[in-house]
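Colleague: First to last, the protein sequences are chains A and B. Residues in the first sequence are numbered consecutively from -15, following my numbering. Residues in the second sequence are numbered consecutively from 4, following my numbering.
You can trust all of the hints, since none of them are fake.
Taking beta-carbon pairs under 7 Å as the criterion, some of the chain A residues facing chain B (in silico):
#1 Glu0
#2 Ala1
#3 Asn23
#4 Gly24
#5 Gly151
#6 Gln179
#7 Asn180
#8 Ala181
#9 His182
#10 Leu183
#11 Tyr218
#12 Leu219
#13 Gly220
#14 Gly222
#15 Tyr225
What the hints contain is simulated information worked out from the structure, not anything from laboratory work. C-beta: ideal position from N, C-alpha, C; glycine also.
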Amino acid sequence: MTTLLEFRNVTVAYGEAVALSSASLSVDEGEFVTVIGPNGAGKTTLLNAAMGVLPAREGVIAFDGLPLRHEPPERRVELGMVIVPERRELFGRLSVEDNLRLGAFTPRARSDNANSLARIYDLFPVLAERRRQAAGTLSGGEQQMVALGRALMAQPRILMLDEPSIGLAPRIVQQILAAIATLKASGLTAIVVEQNAHLALGIADRAYVLEAGEIVLSGSASALRNDPRVTEVYLGGGNRYAETDPSNDQP
Amino acid sequence: MRRHAWALLAGALLLVAPWVLPPFYVGLLTFTGLSAMVVAGLVLLLQAGQVSLGHGAFMGLGAYVSAVLCLRVGVSPWLAMPAGVLLTALAAAVIGRVTLRLRGHYLPLATLAWGIGLFGVFLAWGELTGGASGLDKVPAISLFGVELRDDRAYACIVWAVALGVVVAFRRLQVSRIGRAVAAVRTHETMATSFGIDVAVLKNRIFVLSAIVAAIAGVLYVHHIRFISPTPFNLGASFKFLIMAVLGGPAHSAGAVIGAFVIQGIEWGAQDLFANRLGVSGNYEIIVFGVILVLVLVRWPGGLWPAHLLPAATPPTTGGTPLPKRPTNANPGSTLLEVDDVAVRFGGLQALRGVSFKLAAGEMVGLIGPNGAGKTTVFNVITGLQRPTSGAVRFRGKPLARHAERIVGDGLARTFQHVQLVPTLSVLENVAIGAHARTRSGIVAGLFGGNGAEEQAIFTAAYEAIVRVGLADVAHAAAGSLPLGRQRIVEIARALLADPVVLLLDEPAAGLRFAEKLELVKLLRRLRSEGMTILLVEHDMELVMSVVDRLVVFNRGEVIAGGKPADVQRDPLVIDAYLGGVA
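Taking the hints into account, I'd like the entire structure generated from these sequences.
Modeller: Shown next as structure tokens:
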């Protein structure tokens, strides 16, 4: 199996603040990988670096064996890297179908426009019903479906999902999950960034755990599901600040 | 002292120049001085983050009112001139109230509109203003029975006034009001949180800038003794704005530089095209444009060489202490009470039935996963968000309804995204914290009388800086510090508000581990000194190890509370953070 996306010791910083520090990970073709971690761990930064929205200060990001350096985001979309942003970022006044069509902007994707559209309406029948409705008037879950559909219209070789469950009711999350499971079964390669660890570990093959910009754990999703260290990462089990506690100083 | 020596030398040169220059240049000098006055007002506006394309019209309004009163009513220029300035101030107050709430590109567009509008009035109200042909025989000013008609004396007077304006505006810039203006320009939310009424301050600054434009207008009209609409058209407003941008907002004296550079270029280009190349037409406009673009690309902050001049360092000792809040809270008594608070944004229920208390001397952490409602709670407590239902009580009384009053009651905060004025020193940034405890206004800032209070503010600010361990960088620009130290500056600024409760919004976000250690040490020290602290933080390891107690949010509700060790074991909390098993 070939490695599709690879990070080798990638560091990303916003001015002074290091958001991702020397992170290494890989996603093989056909694999479903998740990156989990608490709020502020650097998950969205990781995806933005992959897309070229943020520059990597150090390290190498490679796609399909090709190191990406100054390729702008639109070039990476042409290569087949497609993101579903956390805030969905739909065109609220355009219809569902127009939003979907906008996903197929690259020449490669445009040629197969009609086919892709049919596939997406198969995946999310509710979108077919609402194809003429303005995207901004849809519910949160339906908007997430449009965002996912728009990304699929771009014919991704790797799909990057940023917090697909955020702000959605559990029932809607189940619907989105079912769609993601269908995509996975069809062999799509994906990297899902999620704060909801149990959910992400339930659908992924492999997982990485980010804490404060560093990858602190990795392994098969099923093994990590019962690993107490994951809980510690989320709930602060460490004890590195104890030395500053004056009550520990015994004269 | 070297700074003052340069300023005195430049001032003396300007006042002597009219007596040695040929007459043609004396005229130019007078116009440059009048421009510098208007531009000083625009530089002040730039310092507040505003632009105006209507100040040419304000200059015209002052001039017209004075001229019309003299010619149609027959009053003395000595009465007509103040009337012109006063009426312009009133007009600016009304216009400012309507337009200053506009943001982004709407504000300059609105100023453009009323600039054109006033010009239209000058032109159209013929029976009063003489229309396009204007009014002549405007009386000259007489002083002790002698008419001021000597061009050299007049140039001297104009420059004396212009330099007076620049000096007063510079005093204002480094005063309590000047720091508030800088706060409003960079971070309006922060300004509000430290007790600055943003709308009122913006309007006052706007009126002040219109007043100096009107002063320039009346001095102009009684010198030229003829008035027509053309000198106050849109082109004039543009020229003034270009001068202000060229001079830059760094220093009020930038106005003088901007005025000289543009006037010099205009005259030089006219001379070049008309007299040397023999072409006619307004080609100097092209030269203008090219130079402006070059300067803005090369020196976007303007031409004032701020970095070459030594910075003034205010005295940091010896002030009388600022008035302290009476602290009568017994340790353990309830200070802050959030009672059944709900917040709804349209269809989204952001908070529901949120209740918790904060007792004197406690350090409490608000935690919860992304989107749990922590920031909304924080905004409710700091008055930035009004609850849909429920109440927040501070020391038994409902929270002030205006966000800018809350700091005066004793709640001071820091910001998740650092909100310092990067160009001001650490000391000046911390001094902003004292805004609500001090009084000196615009008049004291311009003309003096704020010396003792300024010294008290800076003494207290320096004490706060020493308290948090930043004494070595007290005079450095806040923007030059690493993020960790900027966050500590934010805490010092909040301390200067003499808070009863310190509210910290994600103080550790983006810090390196060593910086976090410093932060934790400081928090522990403040806690041991008896400060009550509420913090929102998502570095769980950090928050677990510093707080006495936690309040845990999920989906807009409080789901747990208690000591860190208990919260870490709470299955509801584990579920909230790691997600329910799907």
